[in-house]
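There are 2 protein chains.
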Amino acid sequence: MNINAQWIVGFTDGEGCFHVGINTNKGMTLGFQVLPEFTVVQHQRDVKVLYALKDYFGCGVVRKNNGNVLCYRVRGQENLSMKIIPFFEKHRLKTSKQVNFRKFRKVIRMVERGEHLKPEGLDHIRKIKQLMNLK
Amino acid sequence: MNINAQWIVGFTDGEGCFHVGINTNKGMTLGFQVLPEFTVVQHQRDVKVLYALKDYFGCGVVRKNNGNVLCYRVRGQENLSMKIIPFFEKHRLKTSKQVNFRKFRKVIRMVERGEHLKPEGLDHIRKIKQLMNLK
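So the sequences go chain by chain: V and W.
Under the working numbering, the first residue of the first sequence is numbered 1, with each subsequent residue one higher.
Under the working numbering, the first residue of the second sequence is numbered 1, with each subsequent residue one higher.
What the hints contain is simulated information worked out from the structure, not anything from laboratory work.
Be careful, since some hints might not be right.
[Stated by the list, open to error] Taking lysine-lysine and the DSBU-like style, the derived pairs with C-alpha atoms no more than 30 Å apart in a straight line are: (1) Lys90/W x Lys94/V; (2) Lys48/V x Lys83/W; (3) Lys127/V x Lys127/W; (4) Lys103/V x Lys127/W; (5) Lys103/W x Lys48/V; (6) Lys48/W x Lys26/W; (7) Lys94/V x Lys54/W; (8) Lys64/W x Lys48/V; (9) Lys48/V x Lys26/V; (10) Lys48/W x Lys90/V; (11) Lys26/W x Lys94/V; (12) Lys127/W x Lys83/W; (13) Lys83/W x Lys129/V; (14) Lys90/W x Lys48/V; (15) Lys94/V x Lys83/W; (16) Lys118/V x Lys54/V; (17) Lys94/V x Lys127/W; (18) Lys94/V x Lys106/V; (19) Lys64/V x Lys118/V; (20) Lys118/V x Lys94/V; (21) Lys54/W x Lys90/V; (22) Lys48/W x Lys90/W.
[As the list claims (entries may be wrong)] Listed next, the stretches of chain W that the computed footprint assigns to chain V, with coverage defined by at least 3 CB atoms under 8 Å from CB atoms of chain V: (23) 12 to 21; (24) 87 to 100.
Heads up, the beta-carbon is just placed ideally off N, CA and C, and yes, glycines get one too.
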């Protein structure tokens, strides 16, 4: 399947999600792991578009979510910093997902600088997260 | 707002809907009106993308749907036949919405030929409609 950058932007404006998880993890300095991820969810009948995204970005996984729903998911500092963020910087989202994207990028940059390992940095990330993906 | 064809295809693959309504209408020959429509629904915070679609296609309306949800809607044989269908013929959808689009186009063509005014044509349209937008 042939997809191009603007189709990906349009599809992400519709179906994409920039999410920051903060999970308890005793192995981490502060007891919490910051887990940013870019996801796109689809019914299994359209799994081919999820694999097309995976091919395009050259990273991420396609996994079963719930029932008949599958998810393309990109995690990992390098994938997000070097592939996902530069793509959406070059090809700007048209909906308010652009606002989430900017917050997501801010968190990625903070994690790059190790700020999530300090209490004030982690608090700052929590506050950014609260303002993301508001219904 | 600047949107291009591939963005529209991607966004429609995510958020668009090709729908055929069949409503009772005593003014019609068989007592039913066939009402095909192309719609895109968004939260009001992203109403600007709905107006961008309206500008791009040069037809349709942006209306309140429910609560904070708005809808870009194109009805009318001429708008659908001359604008919406040629656009998605030229710029093919990537998801299974392409299957719905083909069924939708078939209904539009039948209505063009007046087949919805004959009982067997209306029955055929009902059967096509049953196979559209399956969950």
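Quiz item: Among all the numbered hints in the text so far, which are the ones the structure does not match?
Solution: Numbers 3, 4, 6, 8, 9, 11, 13, 16, 17, 19 and 20, in rising order.
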